[in-house]
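> Could you build the full structure based on these sequences and the hints that come with them?
2 protein chains.
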Amino acid sequence: MKIIDIRNTQIAIGDPPLLNAAGLHAPYALRIIVELVTDIGITGLSEIPGSEKIYQALQDLRPHLIGQDVFQMNHMKRLIHEKFSKYEDHRGVSPWDQRLIVHLFSAIEVACLDSIGKKLERPVVDLLGGRSRDKVPFAAYLFYKYEGAGGELGFGTDSSASGWLKARQEEAISIDQIVYQAKSMCSEFGFQSIKLKGGALPPEVECNSILALREAFGPDVPLRLDPNAIWSLETAVKYGKKMEGVLEYYEDPVRGQENMALLSKQVNIPLATNMCTTSFQDLPSSIRLGSEHIILSDHHFWGGLRASMELNKICQTFGRGFSMHSNSHLGISMAAMVHLGAAVPHLDYALDTHYPWQTDEIIKGGKIPIKNGFAMLPEGPGLGVELDREELQRLHEKFLNCGLKERNDEIEMKKVNPEWQFELQRW
Amino acid sequence: MKIIDIRNTQIAIGDPPLLNAAGLHAPYALRIIVELVTDIGITGLSEIPGSEKIYQALQDLRPHLIGQDVFQMNHMKRLIHEKFSKYEDHRGVSPWDQRLIVHLFSAIEVACLDSIGKKLERPVVDLLGGRSRDKVPFAAYLFYKYEGAGGELGFGTDSSASGWLKARQEEAISIDQIVYQAKSMCSEFGFQSIKLKGGALPPEVECNSILALREAFGPDVPLRLDPNAIWSLETAVKYGKKMEGVLEYYEDPVRGQENMALLSKQVNIPLATNMCTTSFQDLPSSIRLGSEHIILSDHHFWGGLRASMELNKICQTFGRGFSMHSNSHLGISMAAMVHLGAAVPHLDYALDTHYPWQTDEIIKGGKIPIKNGFAMLPEGPGLGVELDREELQRLHEKFLNCGLKERNDEIEMKKVNPEWQFELQRW
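Note that the protein sequences, when read in sequence, are chains U and Z. Be aware that the first sequence starts at 11, since it is given in my numbering, and climbs by one per residue. Be aware that the second sequence starts at 11, since it is given in my numbering, and climbs by one per residue.
Keep in mind that the hints are not guaranteed to be accurate.
Any copy, or any two copies together, can satisfy a pair, since identical chains are not distinguished.
Computed list of lysine-lysine pairs in DSS-like fashion (alpha-carbon distance at most 27 Å, straight line) [as the list claims (entries may be wrong)]:
id	residue 1	residue 2
1	K12	K129
2	K145	K12
3	K145	K93
4	K251	K374
5	K193	K251
6	K248	K12
7	K176	K248
8	K374	K96
9	K252	K63
What the hints contain is simulated information worked out from the structure, not anything from laboratory work.
Here's what the structure looks like:
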């Protein structure tokens, strides 16, 4: 079952003006859709975050992978390591991971698993040891945001929208607006946990937003706050103490494992991370320092679904919780996340997803439904999704027209506020 | 692809009178052959160490697993945990692991993977991410022993044997005899590493055996000594110092992680274990204490091939070496060990196997060849081996006739020396 072609397509998907520690989401988020064509007529799919660097690396990789057997994932992983070992592969200081090699692994491995599943007529979850659960819990993912729908509408809105589609366009800067956003999103999708992306407004506002959400939803809805590592240790301790007994977990309030370890001694809230411990290389010091209680996996950033299963086993072995991080994404990534979420034996927390924020879709039949806060596994073999080629073409043209080549939330923020600049520690 | 029947067959295989810290190998080693029959006419195979307790548990498990889909390994693992959670599941103090649940996992998981591979027409290694290498290195496994071929011959020998088959019958108590055993075994199989099972004779003899092997084979053949945790810390330090620069690794010279950690500070030889760190639960303290440098996996004792892949990733992540432990076994276990050895990305050491000591075989076509110290992957889908039903029946009858119900090397030793008794620390 050999690879005879790999098609990498850059796309741009509409994304509302969401605020975070790194600035502002552009009107479009970039993704790359990978189609891995095999000699038996089966094509495997995957989706990863887009950038010119990653796209070029995928293109460079093509001739090395064509002719490979889709089952030889260990070999292809080694091949990718060898070919790209000369790259400096740093995570970077942004909330999202910028390493090249893990993106490439993920792109290739997920597409291989999709094609193997299609050949076997089995879902990808069954290639990961089978279901540990039938439906996968996700959390509402709240953002402070400017008014606007994103995409062509930018800061504009579609006045015909209603329900969540209307709410997702609205400004959310005040505490009342965040509570309204939460209610709209939970009403639409039935989420039973809520995460608030922080690091955008002064800590007092964000802390009070959490307290207001607790007031609005009561103690049965777990709450999380993610300041994206932009708070000082003192700030994180000060506001952490106000949120003890309220937060389910406190996600990357400070930067670096050492600060997380110091914080964990002073605040009685489990700490979660997708910024301080983000690779297998980071795990020994995380374990030694006791810097985090919960690791937020992301198959795009940990090198695929099988590596994420290994991370799950490590978390279970060393007494760490396991949940999932997300970036703006479409249905192929969502399908992979749901298969992984169904497979992992060790899962105590609802997973993150930006999925409700995107209205574009690239899979046939529209978006994967989330009901009562749970996503069901897509039916059918492999990932259980089929590529909508018309939408692929449409979103590729959006990519060509939008002028974006990589994610840079600082540039977007400067368009609104030219004085604004990214800071490693703002408060 | 549902399980419609599981056939568990107890067998006894001839085993020579090998000495170890727990006593003496009986004339027969016990194994259980598992045949997992699916509704599409494919049968998956596995082989695990035999005892009445394990056999009864496998029989008890049958009705719970019949009807299950072979892909739902995560679910079956949970089910086995639930069903047997009431058992006290201790490793025990013997050199071999006596836990029930991991044996059951291994028996079921390997048979599931074999059946999935057969259905897919792919080797099991391809269900573990594909080949990291084409041939798998094994080490010579030397034993002090009494004269005898084992099996019906017991302490007797077959005078028509020649080459290694003759050498395996001969007494090996003196240093010269051990060197002769090593030369015979390496000449037959081409092994390029040598392990000596210790813990049987006074430490000085064992240490001098290692030095004599170094003299005989030169510095290019890595040597290992395994006293099976029966030495005191003082003894392990004293003789360890004499073997610095000679041993590739020092396997379980002392009992317990604390002693291993103390030893590692005093002797400059990497420490390996299959007695002090033998489960995922043991890993956090092993890592924290730095008690061992190399973990010896064993898919029978770590809960199957996928769990062993996870162990491999943990070893890679935490900077530990990975190799493999063995017990007396036949070709189904050997095939599983070879598939695992071919798949693991992280492997720096030749694997252990008792395989040369056994002349019985249960797979068609005879024993899996070892040439130049390497085993090639069996050809064909799944494990690549087929059950020889006549041999199964013959070895089952040997089981019925031999009267053994579990491994007990102390009882065997007492038949030779009634005064002998097992000691947790002998020297």
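> Indicate which option fits the pair K12, K129 if close means a Cα-Cα distance not exceeding 27 Å: within, between, both or neither.
Both: 12 Å inside a copy, 18 Å across copies.
> Since the copies are identical, ignore which copy is meant and state whether K252 and K63 lie within 27 Å (CA to CA) inside a copy, between copies, both or neither.
Neither, since 42 Å and 55 Å both go past 27 Å.
> Taking 27 Å as the upper bound on the Cα-Cα distance, should K176 and K248 be classified as within, between, both, or neither?
neither (36 Å within a copy, 77 Å between copies)
> One pair to classify: K145 and K93, alpha carbons no more than 27 Å apart. Within, between, both, or neither?
between (38 Å within a copy, 24 Å between copies)
> Reference check for the pair K193 and K251, CA-CA at most 27 Å: within, between, both, or neither?
within (26 Å within a copy, 69 Å between copies)
> How would you classify K374 and K96 at a CA-CA limit of 27 Å: within, between, both, or neither?
neither (39 Å within a copy, 48 Å between copies)
> Can you tell me if K145 and K12 fall within 27 Å by alpha carbon in one copy, between copies, both or neither?
between (33 Å within a copy, 22 Å between copies)
> Treating 27 Å as the Cα threshold, decide for K248 and K12: within, between, both or neither.
neither (57 Å within a copy, 56 Å between copies)
> If the cutoff is 27 Å on CA atoms, where do K251 and K374 land: within, between, both or neither? Let me know, please.
Result: close neither inside a copy nor across copies, 47 Å intra and 68 Å inter.
In summary, the numbered hints that this structure violates are 4, 6, 7, 8, 9.
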